[in-house]
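Kindly generate the complete structure, drawing on both the sequences and the hints.
Sequence lines, in order, name chains F and V. Each step along the first sequence adds one to the number in my numbering, with nothing skipped, and position 232 is 232. Going from the second sequence to my numbering is simple: count from 1 and add 237.
Take the hints with a grain of salt, since some may be wrong.
Stated by the list, open to error - Covered stretches of chain V, as calculated for chain F (at least 3 residues, CB under 8 angstroms):
(1) 332-346
(2) 372-382
(3) 449-461
(4) 465-474
In short, the hints are calculated from the structure, not lab data. The structure presented is a predicted model; accordingly, all values stated were derived computationally and were not measured. From the three backbone atoms N, C-alpha and C, an ideal C-beta is built for every residue, glycine too.
Number of protein chains: 2
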Amino acid sequence: MNLILLEPPDWLDASHARLTDARRLQHLRDVHRAQPGDRLTVGALDGRIGRAELLTLDDAEATLRIEALDREPPPPLPVHLLLALPRPRMLARTLEHVAALGVKRLTLLHTARVEKSYWQSPELRPEKIRQHLLLGLEQARDTRLPEVAFETRFKPFLEDRLPALLANRRGLLAHPGMPAACPRGIDDPTLLAIGPEGGFVDYEVERLLESGFEGIHLGERILRVETAVTALLARLF
Amino acid sequence: MNLILLEPPDWLDASHARLTDARRLQHLRDVHRAQPGDRLTVGALDGRIGRAELLTLDDAEATLRIEALDREPPPPLPVHLLLALPRPRMLARTLEHVAALGVKRLTLLHTARVEKSYWQSPELRPEKIRQHLLLGLEQARDTRLPEVAFETRFKPFLEDRLPALLANRRGLLAHPGMPAACPRGIDDPTLLAIGPEGGFVDYEVERLLESGFEGIHLGERILRVETAVTALLARLF
Numbered sequence: 001m002n003l004i005l006l007e008p009p010d011w012l013d014a015s016h017a018r019l020t021d022a023r024r025l026q027h028l029r030d031v032h033r034a035q036p037g038d039r040l041t042v043g044a045l046d047g048r049i050g051r052a053e054l055l056t057l058d059d060a061e062a063t064l065r066i067e068a069l070d071r072e073p074p075p076p077l078p079v080h081l082l083l084a085l086p087r088p089r090m091l092a093r094t095l096e097h098v099a100a101l102g103v104k105r106l107t108l109l110h111t112a113r114v115e116k117s118y119w120q121s122p123e124l125r126p127e128k129i130r131q132h133l134l135l136g137l138e139q140a141r142d143t144r145l146p147e148v149a150f151e152t153r154f155k156p157f158l159e160d161r162l163p164a165l166l167a168n169r170r171g172l173l174a175h176p177g178m179p180a181a182c183p184r185g186i187d188d189p190t191l192l193a194i195g196p197e198g199g200f201v202d203y204e205v206e207r208l209l210e211s212g213f214e215g216i217h218l219g220e221r222i223l224r225v226e227t228a229v230t231a232l233l234a235r236l237f
Numbered sequence: 238m239n240l241i242l243l244e245p246p247d248w249l250d251a252s253h254a255r256l257t258d259a260r261r262l263q264h265l266r267d268v269h270r271a272q273p274g275d276r277l278t279v280g281a282l283d284g285r286i287g288r289a290e291l292l293t294l295d296d297a298e299a300t301l302r303i304e305a306l307d308r309e310p311p312p313p314l315p316v317h318l319l320l321a322l323p324r325p326r327m328l329a330r331t332l333e334h335v336a337a338l339g340v341k342r343l344t345l346l347h348t349a350r351v352e353k354s355y356w357q358s359p360e361l362r363p364e365k366i367r368q369h370l371l372l373g374l375e376q377a378r379d380t381r382l383p384e385v386a387f388e389t390r391f392k393p394f395l396e397d398r399l400p401a402l403l404a405n406r407r408g409l410l411a412h413p414g415m416p417a418a419c420p421r422g423i424d425d426p427t428l429l430a431i432g433p434e435g436g437f438v439d440y441e442v443e444r445l446l447e448s449g450f451e452g453i454h455l456g457e458r459i460l461r462v463e464t465a466v467t468a469l470l471a472r473l474f
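Laid out in structure tokens, this is it:
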């Protein structure tokens, strides 16, 4: 937690906030070893970053006086990530990684090799997803919460929603065996498609290429989804 | 497990192997849903990659007939990774990531912000480290086991062993706030230093820069060690 992210319920008035959740209180006590009088980095959810003085800290609450919110959060990556739904435990970590790396739009997609049961996982509940995204923002000192959408049927997504997403973005399909190496240091608005463990099936690859994606690869190594997501984002942007 | 990595005890003779460990048997049954007659990708530890026919599979063992070992494993990254010892759970995942990404030399270093207790963790036992590295190799279809060294004292390492490591490598120190952005797509032999959660302390940064490292950064976002390691390797090489 490199930033205390203040959500609307945390605010007492325009310059004071109160934290009452066990997770953040414990982190302030045990990791920061914070004391009243300490200056801490804070940010307003979807707003600016600044600093606050810790006024009180006990087992039930922490109170903060906000001194300034005078900096913009770091710039987002110019990417909309289209990710085949990973298995639940990997989804949790992947949400933290992508939030920390600056992804602001994420669509979780059903594909042939996504197990149907994954869509019933408690990890997909809005409050769970939000919690993982907040952890990523707190880690990276960002404040802008990513938007997450679900597409539970491949073909309707491809036919009805994909054309609009690709209308003003460069489509990149990351898939082993594609002809082009992953480009480096681009700044185009990009729609980046990444398959599940085991990859997109041939039919899906063909349809995505027909729809306007360029196929790219990261070399002959096969990476886990969470490793591939970080590696692709770091190399592309 | 995209590759069955055959270790010396697995070999029955020059063209047959037997697996008896529960992890790989379960993976063959439950993930691959393998049947006798199936062709599987195999590799000899520290050797070549090829294919084998599954002859038998039951709860106690799998037997394989090696048909060919005719391909070299993917090329390694030209990097020696110098990593402040992460906390045990993150170490486990980081070992898998770096093995999958092609790191072949890893030195785990004590620094001021590494908790001393981490050095007593069971995760540092050679067999545990080896197991995580093997998982990374199996994932990436690689066969060459990385070498892992421990440096439990910063100053003796810096004074006695670092000069030789830097003699024929480009030293890159990844640290927030360094003046230069992380370079992209280099192929120099590199010694890449990455600090612990919370970073290197100022004294350590100064000493590493004096020793010949170039300071580089990944932008204003603060990443977890496991995310930073993958992002740096993907951007650099």
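Now for the hints, and whether the structure bears them out:
1. 332-346: Check passed, 5 qualifying residues.
2. 372-382: Answer holds; 4 residues pass the 8 angstroms Cβ test.
3. 449-461: Check passed, 7 qualifying residues.
4. 465-474: It holds: at least three residues are needed, and the stretch 465-474 of chain V offers 6 whose Cβ sits within less than 8 angstroms of chain F.
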